[in-house]
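Position one of the sequence shown corresponds to residue 0 (numbering that gives the first Met the number 0), numbered consecutively onward.
It should be emphasised that the hints constitute simulated quantities derived from the structure, not laboratory data. A couple of the hints might just be wrong.
Stated by the list, open to error - Taking lysine to aspartate or glutamate pairs in the EDC-like style, the calculated list, with each CA pair at most 16 Å apart, reads:
hint : residue 1 : residue 2
1    : K236      : D194
2    : K236      : E264
3    : K225      : E266
4    : K185      : D154
5    : K118      : D169
6    : K236      : E266
7    : K86       : E98
8    : K110      : D129
9    : K271      : E240
What the hints assert, rightly or not - Simulated DEER-style distance windows between Cβ atoms:
hint : residue 1 : residue 2 : range
10   : T248      : G171      : 44 to 52 Å
11   : D239      : S161      : 37 to 45 Å
12   : D119      : E235      : 18 to 26 Å
Being a predicted model, the structure only gives us computed values, none of them experimental. Where a beta carbon is used, it is the ideal one built from N, C-alpha and C, also for glycine.
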Amino acid sequence: MKGKLLRETKEISSRKTQRNSRQQSCLGNKLHGESPPSNIDFDREIKQPVTLCFGQDGHSSTLLSGIVSLNNVVYVSAHYDNRAIYKLTFNHDNGGLAEKIVSNGGSLCKKVHSLTTYKDNFFAFSDTGDSCIKAYNPTAKQCSVVVSNGKGTRDGSKAQFSQPTGICFDYGTLFTVDTSTGTLRKTSSVTSLEDYLKHLHVFGETFGLHRKTSTSVIAEIPQIIKRLEEVYSFDEKCVDEVMSLIGTTAVTQRPQGTVSSVVMEDERRILKSLHDIKDLLDRFHQALTPNLLSKVF
């Protein structure tokens, strides 16, 4: 669908400015080489835009309920009339072009509502017809279900929604407004927790206490160093991300969701000691490098 872009506003205040300047800043300027609608007063300032609309003739319009920008491309969703997801392309000559990429009632979507940016260069949208949240891959032009497997209000891995409408994806967490139940629901990935537990297991398996009856972990010093470097690098990355998120340069501790500075220092000391031991053994004779037993009696 090709069309002009108009802006629906809640509050407009009078302000005298030059007509030509206002025409350049308004979304109702020339599209496809045509003149802007004569009923738009350009000597007014838009104070609080609330939605975007587009139409064939610049007068009729389609109400848009969602808009996202992804890789310099704008995507919008129309929930009421002409229900679908559109890709908007802008250029200096023709203005804006709207291309329908996902239609309501098709195999990809039953009834689209809102849009939000998502991970891996995808965008997500709420499908009130299927009562779920889906992700769309613009490159492959495919959809996949992110959350929910049917109507309901269950939580956890089998989370369900009744009427998901507004959605927002921020710092790896998906927030969803369920209009029917009047709730705001949060969906978090457990990938980060799994990564943390995996690295914690590696550290515990390598340096933790073992019972006399248990099988000890046997590994060469270079392998032990590599394991600890992976753990230290992971912990350091977590600290950097948390510091960036909360906007601090101070040392973070467990209350901020990171390992403590004492733990980080212990990991550095163990790494230094292992490197010193390896260098010392290699210096005298490489054949003398023994296997490092992690068994503690």
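For each hint, the structure was consulted:
Taking the CA atoms of K236 and D194, the gap is near 12 Å; set against the 16 Å cutoff, the hint holds. For the given pair, K236 sits about 15 Å from E264 by alpha-carbon distance, which is consistent with the 16 Å threshold. Restraint check for K225 and E266: satisfied, since their Cα atoms lie roughly 12 Å apart, inside the 16 Å limit. Proposed proximity of K185 and D154 is supported: the alpha carbons are some 10 Å apart, at most 16 Å.
At roughly 10 Å between alpha-carbon atoms, K118 and D169 fall within 16 Å of each other, so this suggested pair holds. For the given pair, K236 sits about 14 Å from E266 by alpha-carbon distance, which is consistent with the 16 Å threshold. Under the criterion of a C-alpha separation no larger than 16 Å, the hint pairing K86 with E98 is consistent with the structure, at around 5 Å. For the hint linking K110 to D129, the alpha-carbon distance of about 7 Å falls within 16 Å, and the restraint holds.
Between K271 and E240 the CA atoms are separated by roughly 25 Å; this puts the pair beyond 16 Å, and the hint is violated. Range check, T248 to G171: about 23 Å between beta-carbon atoms, so the 44 to 52 Å window is missed. Between D239 and S161 the beta carbons are some 39 Å apart, a value that agrees with the proposed interval 37 to 45 Å. In this structure the hint that D119 and E235 lie 18 to 26 Å apart at CB holds, the actual value being about 24 Å.
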